[in-house]
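S.K.: Residue-level listing of the chains:
Number of protein chains: 2
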Amino acid sequence: MTSHKATIAVIGGTGALGQGLARRLAAAGHPLIIGSRTVEKAREAAVRIPAPAGCERPRGATNADAAGAAQIVLVTVPWGSQAGILDEIRPHVAGKLVIDTTVPLVPPKVARAQLPPEGSAALVAQKRLGEGVRVVSAFHNVAAHKLQKDEPIDCDILVFGDDPQDRETAIRVVAAAGLRGIHAGPLANSAAAEALTSVLIGINRNYKADGAGIRITGIATS
Amino acid sequence: MTSHKATIAVIGGTGALGQGLARRLAAAGHPLIIGSRTVEKAREAAVRIPAPAGCERPRGATNADAAGAAQIVLVTVPWGSQAGILDEIRPHVAGKLVIDTTVPLVPPKVARAQLPPEGSAALVAQKRLGEGVRVVSAFHNVAAHKLQKDEPIDCDILVFGDDPQDRETAIRVVAAAGLRGIHAGPLANSAAAEALTSVLIGINRNYKADGAGIRITGIATS
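Top to bottom, those sequences are chains A and B.
226 is the number that our numbering gives the last residue of the first sequence; the numbers go up by one with no jumps.
226 is the number that our numbering gives the last residue of the second sequence; the numbers go up by one with no jumps.
Misleading hints may appear alongside valid ones.
Heads up, the list lumps identical chains together, so a pair's fine if it works in one copy or across two of them.
Subject to a maximum C-alpha distance of 30 Å in a straight line, what follows is the list of computed DSBU-like cross-link-like pairs (lysine-lysine) [said to hold, decoys possible]:
| hint | residue 1 | residue 2 |
| --- | --- | --- |
| 1 | Lys100 | Lys113 |
| 2 | Lys113 | Lys131 |
| 3 | Lys150 | Lys100 |
| 4 | Lys212 | Lys45 |
| 5 | Lys113 | Lys153 |
| 6 | Lys131 | Lys153 |
| 7 | Lys45 | Lys153 |
| 8 | Lys9 | Lys113 |
| 9 | Lys9 | Lys45 |
| 10 | Lys113 | Lys150 |
By construction, these hints were calculated from the structure, which means they are not laboratory data.
Only chain A is shown next, with the shape it has when bound in the complex:
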């Protein structure tokens, strides 16, 4: 370890959300491993991410290798790929914190909430990875393209998980990405944020906005 900060794997790190989060977490000094289906694509994505002076550069790896080498595993993949990619990383995440960001969008009607029979993509992830893996969910409602810029983002991040300590760890990752994370209850509550993404997509269309978000009002956070 060349850093006291947790090494984070960004699974699906070649996508817009993964790239945006990777940029911000690298800037905050987290050692990063970008995961993708192939090492080549992962490396191409990794070299595009700047690292602060004195910090190790992000590197690329297969999703499985990235998950295996990291302490915290951030899953940023589309709903249609979630099951397959979780199967790839499952052998490598026992006991680790997995932050799932999957929103169950079903094209073409992505502005219509279509939650899975299990209740939420987060519950699907927990079921697929098994009880030995500490799953939390977060980052459902932030526009990926806003993460790619250095500007402040007017959006809170609801963090769901059955273990408050795991939520707290995830909230620190959220803070490293420059956002306010909020304890939003058990994994079952992830349905709220996942469905809200469809609401926000519709709001972007209706109000000609380029990245509506949410804020929780009436609370004091440090």
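Let chain A serve as the given structure and place chain B on it in line with the hints.
M.R.: Quick look at chain B alone, frame taken from chain A:
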């Protein structure tokens, strides 16, 4: 008609949410009928609601009579009572706009999202009332006790409905109650706001807040 404003029935108008909305809608000059299981209880609730000078006073009626006499029907009842009360008003709401506020909270775990198999309480309401009734849903995330005061409330109201015109009408009712209503897509999307209420209940506990709410950021509304 002594007013150009729509007459609104507040079904379940003796509860905290109903009373809060009734106060604000009466203050905005809407003729109001407070509905309850019994006329006596409805009348007791109605006399507690002030009306502006020159406006007719809110009156009380059974839920069925209130729904029958109104142009817009606002349903503010607990999840456990929703089915029975919708059955009471069904014969009286054909072709009318029904604004359902039901949140499917299942005690004792009200801070855990427990959406019904139908997807949302709003979809349950539409199914129960039948296709001839124009159902929208709203007011899921605002703290009832804040509606009882005259102070501004830092919370947006997500409005769901399959017909944009019906949503627009509901948004005008929201504005009359002193809040910003937002087009949040089809009735299926109501799952987002309904689940979010459990999230907010948990946030109130976690952060010792007395009425957390939500704001949609990044949009311009008139």
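S.K.: Would you mind marking each hint as holding or not holding in the structure?
M.R.: Comparing the hints with the structure gives:
no.: 1; hint: Lys100 / Lys113; verdict: between (34 Å within a copy, 28 Å between copies)
no.: 2; hint: Lys113 / Lys131; verdict: both (26 Å within a copy, 21 Å between copies)
no.: 3; hint: Lys150 / Lys100; verdict: within (28 Å within a copy, 42 Å between copies)
no.: 4; hint: Lys212 / Lys45; verdict: neither (34 Å within a copy, 46 Å between copies)
no.: 5; hint: Lys113 / Lys153; verdict: within (28 Å within a copy, 40 Å between copies)
no.: 6; hint: Lys131 / Lys153; verdict: neither (34 Å within a copy, 45 Å between copies)
no.: 7; hint: Lys45 / Lys153; verdict: within (22 Å within a copy, 57 Å between copies)
no.: 8; hint: Lys9 / Lys113; verdict: neither (40 Å within a copy, 36 Å between copies)
no.: 9; hint: Lys9 / Lys45; verdict: within (25 Å within a copy, 61 Å between copies)
no.: 10; hint: Lys113 / Lys150; verdict: within (23 Å within a copy, 36 Å between copies)
This entry does not satisfy hints 4, 6, 8, going by the numbered hints stated previously.
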